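Kindly generate the complete structure, drawing on both the sequences and the hints.
Chains as they are written, first to last, in my numbering: chain A, 1 to 115; chain B, 1 to 113.
Careful: at least some of the hints might be erroneous.
Claimed, not checked - Mimicking DSS-like on lysine-lysine, the simulated pairs with C-alpha atoms at most 27 Å apart in a straight line are:
no.: 1; chain 1: A; residue 1: K14; chain 2: A; residue 2: K57
no.: 2; chain 1: A; residue 1: K57; chain 2: B; residue 2: K70
no.: 3; chain 1: B; residue 1: K108; chain 2: A; residue 2: K9
no.: 4; chain 1: A; residue 1: K9; chain 2: B; residue 2: K105
no.: 5; chain 1: A; residue 1: K71; chain 2: A; residue 2: K9
no.: 6; chain 1: A; residue 1: K57; chain 2: B; residue 2: K105
Honestly, the hints are just simulated from the structure, not real lab data. Model, not experiment: these values are computed from the prediction.
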Amino acid sequence: NAGVTQTPKFQVLKTGQSMTLQCAQDMNHNSMYWYRQDPGMGLRLIYYSASEGTTDKGEVPNGYNVSRLNKREFSLRLESAAPSQTSVYFCASRGTGYGINYEQYFGPGTRLTVT
Amino acid sequence: GQQLNQSPQSMFIQEGEDVSMNCTSSSIFNTWLWYKQDPGEGPVLLIALYKAGELTSNGRLTAQFGITRKDSFLNISASIPSDVGIYFCAGRVYGGSQGNLIFGKGTKLSVKP
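The structure is reproduced here in structure tokens:
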């Protein structure tokens, strides 16, 4: 049971390049999330998907798009990367139910630098 | 938007000391969570709280859901070197959008030089 996996672990982009960050979970969770983490800013929600087939904007969606490919996979796309998107990106998933086992569990992160 | 105030921002620990940190909100929450993040890793869920006044432990860690529903506290007893890292609180607003979490900015624990 791998939990939440993310690829790649590290990425360097030039301004204007595009890329897709991949996330997959094997916990049969319905909800999936993308966050960015910047020093002193905590975790900020970019987009989320409450269930397969639905996506919604979070707090900081500008410059990003997402795709909920199936129940397991939720990808984040940067169409034209900007230096302000240099950050650590975390994917998380959550089950439907009550209790600690149904809360958000995080992947290991992707460290992105845009030059 | 809603904000969580987490304090202190940072603190130094000496092995064996007890540590306390807290989070406060302007909104009423129905869930409080505490996560720990080690350098280069993703946050790991430590404790979940669901009722006002609830006290829950996970080893040497104890967290409480404040009776006003607007705050939560985390205590670490007899700290050890592997306790260093960043601790985040997170809350879920009652009736909030899709049950999404709001995160504090973290308390960074470091070893006293």
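Now the hints, each set against the structure:
no., hint, verdict
1, K14/A / K57/A, "holds, 25 Å"
2, K57/A / K70/B, "holds, 26 Å"
3, K108/B / K9/A, "holds, 23 Å"
4, K9/A / K105/B, "holds, 23 Å"
5, K71/A / K9/A, "holds, 22 Å"
6, K57/A / K105/B, "holds, 21 Å"
Of the numbered hints stated above, none is contradicted by the structure.
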